[in-house]
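Same order as they appear, the protein sequences are chains A and B. When you line the first sequence up against the working numbering, it's residues 1 to 284, in that order. When you line the second sequence up against the working numbering, it's residues 1 to 270, in that order.
By construction, these hints were calculated from the structure, which means they are not laboratory data. Treat the hints loosely; a few may be bogus.
As the list claims (entries may be wrong) - Computed footprint of chain A on chain B; a stretch qualifies when at least three of its residues, placed anywhere within it, have a C-beta under 8 angstroms from a C-beta of chain A:
1) 9 to 23
2) 27 to 36
3) 42 to 48
4) 77 to 90
5) 175 to 184
6) 218 to 226
To be verified - Below, computed lysine-lysine pairings styled on PhoX-like, alpha-carbon distance capped at 25 angstroms:
7) B:K227 - B:K56
8) B:K227 - B:K48
9) B:K48 - A:K127
10) B:K227 - A:K127
Claimed, not checked - Stretch by stretch, here's where chain A covers chain B in the computed footprint (C-beta under 8 angstroms, at least three residues):
11) 112 to 120
12) 143 to 153
13) 205 to 211
14) 233 to 245
Virtual Cβ for every residue (Gly too), placed ideally from N, Cα, C.
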Amino acid sequence: MRRLSQLGQGEKAAIPLLLFLLVGFAAPLLAVIWFSFMPARTFSLFAMPSLANYATIFESTSYISFLWSLALATITVILLAIICYPVAYGLVRVFGKWAMLLTLLFTIPLFVSENIRLYGWVLFLIKNGVLLGSLKSMFGVELESILFTRTAILLGMVYVYLPFMLFPLTLGISMVPSETRDAAFDLGASRWQVFKEIELPLSMPGIVIGFLLTFVLAVGAIAEAKVMGGQRIIPITHDIEIAFTYAQNWPLGAALAVLLMLVVGTLVLLALRRFDLDRFLGRK
Amino acid sequence: METKGQRVRHALITAWTLAVIVFLYLPTVCITIASFTASRYFQFPIAKFGLDWWDKTFNSIEIRQLLSTSISIALCVTVIAVTLAFFGALAFARYDWKGRSIYQKLILLPIFFPQSVLGLALLLWFSMLGLQLSWMTAVFAHLVWIVPVVTLVIAIQVYSFDPALEEAAFDLGATRWQVLKEVTLPVLFPGLFSGALFAFLLSWGNFPLSLYTTGADTTVPEYLYAKMVAGYTPGVPVLGTVSTIGAAFLLIGGYGLILASRRAHQSASE
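Excised from the complex, chain B in its bound form:
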């Protein structure tokens, strides 16, 4: 039962949403176009297309070093963040305990904090402790911001978890470890998986925390920033495009996997 006014309103909302999506992807499209130019300077419309800059970028040892630093940081962050956040999310959403409401708010504080200031605070803290800055200190810095985010992501899954499942397993004589392995982890898996995806991608794209905490090591976003400020080279759009497409693939592939496993689960239980 749709009135005419409602139809018009819905059409307007749809048009507006599509406009916002175009707005969101416009810069990404510009970067991609710019990466296929054959000339040294960016000028639009592009006179001559070519893959020269893709070639140059991928054959550069410096770029490979950058990619490996960024991926190492993101992988370490993912493993540690998911482990810490798994227990953190149980305390957040599964158990009823006295300090829970304050705990939930404490966890949010690092998220509601300007990241550039957090990066500088950590720089000061590391130097007070006499730590040598490297990609490892950057892992720590990323974790301060990413673990709370991942905790929230996993907590949303934990809310829909029925504690009776664990109790039933205990009643049937399962040990603590068996319950964790056979009941809790499989049920929470989609949440853990999204959490891992978030951890990896947020670390991969992070700039403000890396800037102050990587020391002599350089990540991809830091390198891109340095090049942007110093002047244009077509290597920037190429690396930017790679970074964007990589993130999109991981995200779409990840959610595809979750949907597929959910479907397989449903058809198995029917």
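Pulled out of the complex, with its shape left as it was, chain A reads as follows:
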């Protein structure tokens, strides 16, 4: 084994962060995995490991929550791709000097707790709230509120995760060289051909990161369903939380968390396997 003083500068600089993530990220996850094999409703770590918790899950209705979480996340990702692509394109190609100010405007909401912003939607949508109250006093019409429906949950998720799609897409589109596009146009390519053959493939790294990030965050979403959905849908994260808190069944919660981690982990590893981060972030 090499002594510390013989390590290269790169290794030395990496050590503090790697040690921290070992204690703060890898160890807790291993703890969760270990705990998922303990008998139900115990807090001890030294019982005989078994697969009982997983058997319980497969016999229960937890798969409904799982499917809801995956379905909501998928729809969120698709909607966000459609909403964000024109904006990202504009930020890179159309807005010029205004792009920086607009980027700042898109960044600010990221730093406000998502609960507060979701609550703003509640005030907007609720009966006698900003939307329905105005309609009533101005036009005398009374409509049903969409609050506490599935549509409202989806609205909340699209709203909260918008910047996480927008910024990777913007980075991706800025990786497409203008010369390549212009050359294609000069050679007689149509608008659609340029998009399909040049812009889409060359901005793929940004698209992959954007899809991945929003999907993973959306699968882990919990506040949207609680604040805006009135618990119309119980996402998987809510099941996990209940197992850990009210039910005081940590091993079961741990087993559910492990299953969620498997889904997320597989996706992330598949997508990142061949990813060149130097090119994406450094634009070399």
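Given the coordinates of chain A, assemble chain B onto it according to the supplied hints.
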């Protein structure tokens, strides 16, 4: 050389972008309006405006306690995160070493992880270690997620850093410490500053990690959530507005400072 089709397309993109911005700020505007009501219950259009709830909120000892907890956590997170991420970013983008490509991906994993699950995993881990939950364990929990983000922010700055600068300083006889203080840190300062800003604001607004790791201490987002679920009080919009405006000021002020220093730098070198 703009064709008519291009002009129309650009106009459509601009209109769409403005619509998205309105969508993004609509809830914030609603919260702000709601905070200026004089009545106990929210009803729109607002019958009577007043600052009573602002008054009440700011004179409450409980709220002051919350603000001080949230700010203490965010400050600790900022200092530790920037220190760890500075070295982490050098390993990420500056040095060429064998494990770098795997290292870069490992750093990303906590970012690509559902935060509520991470919070619960940390809760389990702390209780295994027998740690008493408090705002200090929350600092640790925030760091797990925030340090990787800050590392990326600083790494972007490090990519544009020319290693020849450091080598030149070494050749001229500077010590390791002098190089760090006189060359590396000043050149990377904008990146470190944005990193610090990100660390503070992400910690300030964080809810899913705080929820499971603060123990008896309460942060502003946790308090707001508890009040939202329990029923409406106009104190929620007031605190929400304060939180939003504070974040916006920090961000705009921070970027203003960076732009100003860049300009001063440019005019000095001309």
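Status of the hints after comparison with the structure:
no.: 1; hint: 9 to 23; verdict: holds (count 9)
no.: 2; hint: 27 to 36; verdict: holds (count 7)
no.: 3; hint: 42 to 48; verdict: holds (count 4)
no.: 4; hint: 77 to 90; verdict: holds (count 5)
no.: 5; hint: 175 to 184; verdict: violated (count 0)
no.: 6; hint: 218 to 226; verdict: holds (count 4)
no.: 7; hint: B:K227 - B:K56; verdict: holds (16 angstroms)
no.: 8; hint: B:K227 - B:K48; verdict: holds (23 angstroms)
no.: 9; hint: B:K48 - A:K127; verdict: holds (19 angstroms)
no.: 10; hint: B:K227 - A:K127; verdict: holds (19 angstroms)
no.: 11; hint: 112 to 120; verdict: holds (count 8)
no.: 12; hint: 143 to 153; verdict: holds (count 6)
no.: 13; hint: 205 to 211; verdict: holds (count 4)
no.: 14; hint: 233 to 245; verdict: holds (count 5)
This entry does not satisfy hint 5, going by the numbered hints stated previously; all others are met.
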